[in-house]
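Using the sequences and the hints given, assemble the complete structure.
Taken in sequence, the protein lines are chains C and F. Read left to right, the first sequence gives residues 1 to 155 (my numbering). Read left to right, the second sequence gives residues 1001 to 1155 (my numbering).
It is possible that part of the hints are untrue.
[Claimed, not checked] Only part of the chain C face toward chain F is listed, based on derived beta-carbon distances under 10 Å:
#1 46
#2 48
#3 50
#4 72
#5 81
#6 139
[Claimed, not checked] Once the Cα atoms are required to be at most 20 Å apart in a straight line, the calculated DMTMM-like pairs of lysine to aspartate or glutamate come out as:
#7 123/C / 1087/F
#8 32/C / 1070/F
#9 32/C / 1028/F
#10 32/C / 1074/F
#11 1032/F / 25/C
#12 1093/F / 87/C
#13 1073/F / 41/C
#14 20/C / 87/C
#15 1125/F / 87/C
#16 125/C / 1088/F
#17 125/C / 1087/F
#18 32/C / 1025/F
#19 20/C / 1028/F
#20 1123/F / 74/C
#21 1032/F / 70/C
Hints are computed from structural coordinates only; laboratory data are not their basis. Even glycine gets a Cβ: it sits at the ideal position worked out from N, Cα and C.
There are 2 protein chains.
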Amino acid sequence: MKYYEDLVVGTLTRSSRSYKVTREEVMEFATKYDPQPFHLDDDAAAKTHFGQLSASGWHTASITMRLMVDTWKDMEPTASLGSPGIDELRWVKPVFPGDELSVEIELISKRRMNSRRDMGLSKSKQTVYNQHGDIVMTMLGNGLIQVRNPEVDGE
Amino acid sequence: MKYYEDLVVGTLTRSSRSYKVTREEVMEFATKYDPQPFHLDDDAAAKTHFGQLSASGWHTASITMRLMVDTWKDMEPTASLGSPGIDELRWVKPVFPGDELSVEIELISKRRMNSRRDMGLSKSKQTVYNQHGDIVMTMLGNGLIQVRNPEVDGE
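Below you can see the structure in the form of structure tokens.
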């Protein structure tokens, strides 16, 4: 298990898998959570700046989360305690049915929490690519990570 | 149809519906997109700072999107063209199975785009509440809105 103390700022991790986005899943997610015409209807989408049916941005973000969890599992489980939030989530390009997504995670900074000695905060940049190498999404994610030895002071 | 010109900065909109979060849906979403133990397993969740099984933050964000789309449909359709991104997404409190969510949307600012005369950018603050009136999530969302009369100059 990887704890707060094991995180090395500057580490760049490429997701262990990629995620194929199917048309069926795009429609299913959009039907449930983002039923706007350009996520559900080919003709309506063709008339917009997207040009064709595209995935909800929240779907892309959710797929990114899945890629990250799988990466932790495939490499070494991280003692993650969830996230207090995201800064600067950017949907750079549309994601289309048939696209295959992967993510690159760079650890930007980390610090111990003042209020909870058993937790640390990490900040990492996630860059999501499609199969052409185009960036489709970026975000700055904040993570809560368990500290292995809370009684030991440290940055 | 509500276009860019019709948006009034300062307008506060309460979602037209609420969304009941079921345990089944929490597990289904987490299984697909965020398979961390505290979103899937009661015992594992009880051992974390969440205290009990909670919804993925991406699930809460996706439900918020659904509440917004339904509100646009129920009130007056908005000529939305998607979103370039979100600033400061914050998961303030956990969302638990059985919770009922609603959202308040405040239009903070708007401006015409320089690069596309037929589009405007809006910035709005979304505050998501549970059935107790507790804030569970906030975000600053950026929206692209169609301009009704692109040939007319304006802010």
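For each hint, the structure was consulted:
1. Proximity of residue 46/C to chain F is violated relative to the hint, the smallest CB-CB distance being about 14 Å (cut-off 10 Å).
2. At about 6 Å, the closest approach between the beta carbon of residue 48/C and any beta carbon in chain F falls short of 10 Å, and the interface hint on this residue holds.
3. Annotation: interface hint on residue 50/C holds; nearest CB of chain F at approximately 7 Å, less than 10 Å.
4. The beta carbon of residue 72/C is positioned within 10 Å of a beta carbon in chain F (closest approach about 9 Å), and the interface hint is therefore held.
5. For residue 81/C, the interface hint holds, since its Cβ comes within 10 Å of a Cβ in chain F; the closest pair sits about 6 Å apart.
6. Hint on residue 139/C holds. Least Cβ distance to chain F is approximately 8 Å, under the 10 Å limit.
7. This hinted pair checks out: residue 123/C and residue 1087/F have alpha carbons roughly 15 Å apart, not beyond 20 Å.
8. Distance hint between residue 32/C and residue 1070/F is fulfilled; the C-alpha atoms sit about 11 Å from each other, no more than 20 Å.
9. Restraint check: the Cα-Cα separation between residue 32/C and residue 1028/F comes to about 12 Å, which is no more than 20 Å; the hinted pair holds.
10. For the suggested pair residue 32/C and residue 1074/F, the alpha carbons sit about 16 Å apart, so the restraint of at most 20 Å is met.
11. Between the alpha carbons of residue 1032/F and residue 25/C the distance comes to roughly 11 Å, so the proposed pair stays at or under 20 Å and holds.
12. For the hint pairing residue 1093/F with residue 87/C, the CA-to-CA distance comes to about 17 Å; that is within 20 Å, so the pair holds.
13. With a C-alpha separation of about 16 Å, the suggested pair residue 1073/F and residue 41/C falls inside the 20 Å cut-off, and the hint holds.
14. Among the hinted pairs, residue 20/C with residue 87/C is inconsistent with the structure: their alpha-carbon atoms are about 26 Å apart, more than 20 Å.
15. Distance check on the hinted pair: residue 1125/F and residue 87/C sit about 14 Å apart at the alpha-carbon level, within 20 Å; holds.
16. The suggested pairing of residue 125/C with residue 1088/F holds, with an alpha-carbon distance near 14 Å, which does not exceed 20 Å.
17. Our distance criterion of 20 Å between C-alpha atoms is met by residue 125/C and residue 1087/F, whose separation comes to about 14 Å.
18. Under the criterion of a C-alpha separation no larger than 20 Å, the hint pairing residue 32/C with residue 1025/F is consistent with the structure, at around 11 Å.
19. Proposed proximity of residue 20/C and residue 1028/F is supported: the alpha carbons are some 19 Å apart, at most 20 Å.
20. For the proposed pair residue 1123/F and residue 74/C, the alpha carbon gap of about 39 Å is over 20 Å, so the pair is violated.
21. For the suggested pair residue 1032/F and residue 70/C, the alpha carbons sit about 11 Å apart, so the restraint of at most 20 Å is met.
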